[in-house]
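Q: The hints should help you fit chain U onto chain E, whose structure is shown.
Read top to bottom, the protein sequences are chains E and U. FYI, in our numbering the residues of the first sequence are 1 to 594. FYI, in our numbering the residues of the second sequence are 1001 to 1237.
I should point out that these hints are in silico values taken from the structure, not numbers from a laboratory. Treat the hints with care, as some may be off.
[Claimed, not checked] Stretch by stretch, here's where chain U covers chain E in the computed footprint (C-beta under 8 angstroms, at least three residues):
id : segment
1  : 46-54
2  : 103-109
3  : 113-122
4  : 155-167
5  : 217-231
6  : 335-342
7  : 503-510
[Said to hold, decoys possible] Here are the simulated EDC-like cross-link-like pairs (lysine to aspartate or glutamate), alpha carbons at most 20 angstroms apart as the crow flies:
id : chain 1 : residue 1 : chain 2 : residue 2
8  : U       : LYS1044   : E       : ASP343
9  : E       : LYS116    : U       : GLU1213
10 : U       : LYS1217   : E       : ASP343
If you're wondering where the values come from, they're calculated on a predicted model, not measured in any experiment. Quick reminder that beta carbons are idealized off the backbone N, C-alpha and C, glycines included.
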Amino acid sequence: MSALTIPVRKFDAVIVGAGGAGLRAAIQLSESGLKTAVLSKVFPTRSHTVAAQGGVSASLGNSEEDHWHWHMYDTVKGSDWLGDQDAIEYMCRKAPEAVVELEHFGMPFDRTDEGKIYQRPFGGHMSNFGEKPVRRACAAADRTGHAMLHALYQRNVRANTQFFVEWMALDLIRDAEGQVLGVIALEMETGEVVAFHAKATIFATGGAGRIYYSSTNAFINTGDGLGMAARAGIALEDMEFWQFHPTGVAGAGVLITEGVRGEGGILRNSDNERFMERYAPNAKDLASRDVVSRAMVTEINEGRGSGPNKDFLLLDLTHLDPATIMKRLPGIRDISIQFAGVDPIKAPIPVVPTCHYQMGGIPTNYHGQVINADGSVVKGFYAAGEVACASVHGANRLGTNSLLDLLVFGKASGDSVVESIKTEAKVLKDLPVDFAERTLARLNRLNTQTGGESVHETRLDMQRAMQAHCGVFRFKDKLVEGVNKICEIEQRVARSQIGDKSETWNTARVEALELDNLIEVAKSTMVSAEARKESRGAHVRDDAPDTETNPNGRDDEAWLKHTLWHRDGNRLSYKPVILKPLSIETIALKTRAY
Amino acid sequence: MATRTLQFKIYRYDPDKDDAPYMQDIAVDVDPAIDRKLLDVLTKLKAIDDSLSYRRSCREGICGSDAMNINGRNGLACLTEISELKEPIVLRPLPGLPVIRDLIVDMTQFFKQYHSIKPYLINDTPPPERERLQSPEEREELNGLYECILCACCSTSCPSFWWNPDKFVGPAGLLNAYRFIADTRDEATNARLDDLEDPYRLFRCHTIMNCVEACPKGLNPTKAIGKIKEMMVRRAI
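Isolated chain E (complex conformation) (with noise of 0.2 angstroms):
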């Protein structure tokens, strides 16, 4: 096959995604009046922010005072100092427009007696610099994200915004200069390999949660947009920090809200102590999700923990009021019933940390647009939401700050993609004779392959090593021996092998494509892991303790700075943390407690 049999078709703007911030740039492309195209792997709101559950911040102050200023402190000490303070002070102070923004696009939020949008506590939500929790958290009962993601693709529909559902991006496609020129994609139904040619792309693709054996994520949530960045030498932006939710459903995965404990619940162990106020005598059950996830991971360790095997901890709610749980949690207590087998209202859920989120991802300014290593903007790239590293994130992401994220950054992706058109990005750029070349080898050896792997085993393999090699707490010996296993399983990805070899619906292949963007996704999170060698936020290690010098293990001098993995000879480089915000003095470094 030579790349001239493949179909162009020519947009100014092809958005990969239809999620929270693909959804949201998309609108503002689509009233921009630019002829877009927004791919997506599924139906727009089967995508994975549709389950999200507890809430969207914003310093409203509904219910009691609050300010944006305070919001960017716990941004900030909840990214344990690594996040760009400049792109987090954006966040903050634009949050309760966006937040209200969605609102007028009719989002059913809750409401307070006043007819306000209703708000509820959540982990590291604090008023006056980290004093006591605050209701920040706007909520649609525990369903946020999905009534956040039907009122966007409704907006959507309203825009008319074109979209492409159920094609799967394959390659980013760049040239000689670097400029990004669109993707190469598959249509799912007839296996049509096409390539969109647009001036601007955005990459909105989430999260790639499923490296791990035990997650929150959804199947679809494969780290489609980190694979093809990398692949196209765009070098991944902190990729070993990722977050374990504390409150999976033991054995299920399934995600519990935070919104729970927003709520009261209470984690107990196995002696029924609420034990949180051992760690976090402030915050308590409160406190940011890292701080939590770790204290549950020693509860269990130090034999403490509930069941036959000693291996989960128990969310209490049974001393919630009934009617507070059918109004403010219905769909956590349909989840628990569901996958946990109790009604919340009368036993507590068995819970366990699961692999939840990731807060590295492509690096971007926070106008959304891709950076280089060196610092230089890729032409005609973008990325948004659990993709995009901006970094508002850093080490640890707060809860509720990836739904705001998606919003204010698919926004300001959008914003960014029409400035650049209507000013340098005018016409479209030819594509390189060969732009297809790649792809196209990749799907013809995965067509032909004989004596190759299983991609279910292959896939099954390296989600057992992350989780055993990469998880809540890491070792040194074990970080070294999880490179080597990555790297070995990656020699079998690239052998892998399908039985199905249909055009039609092959979720085979679309399996086996995923599994190529999973690897690198694995692969950049381990070696980033074993490279750091302090304990900062979601990345705790054995040789990085709690030290006088280096409290919580953390190292200032050494490691107050962005890792970069380079897929091209598998190297790392290192880029400074943005300090200074917008507009106020800089967060001073601290030491993290809650």
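A: Same frame as chain E, now just chain U:
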């Protein structure tokens, strides 16, 4: 661990190689302690035969991808408890929509009907600087409506939708139509009612109520349809 063998009969059709659809008999060993949901077992089956095709994503009943016909009833594979299914477990694609392959149906017609009800807030009054106010009671009117996941279990269980999928909006679309009619922030109630006042779009609903039984989220499209009819009567007098 005690494993158990489950017998399946699965609708198979790949237009690339099959002249006609057929039912495949297949057995799989499961561990009842781990493989609790139908989707868990489908994942196992797919590991054995990677050509078995179905949609799935969130695996927790919120994305609406894995709707199928399970032992004659529409439901989500991820919420269906294996232990409650009679064997052989018969899996078919959702009825009434064209089959693309195996358990994957073409949902174009379903979404076309959803889009036809203008599923977005219509309010041309310039918005205030802050949120539009809505009392908790007004907001409660949206409960049981906004939770729809567009899985199509309801519409594809409805005989009226089977016969007139191009003309009858169907339970999912009508539930969503009422979601906007019931929203105090929406200003297009009359236009929405006008649009539905049609022998087919709304009035093909004969309250058979299959939709209520089929909804995996426990929603009640028939009730929403009843409310729309009520409003039409009320505005006529």
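Q: Tell me the numbers of any earlier hints that the structure contravenes, in ascending order.
A: Result: hints 8 and 9 break, sorted rising.
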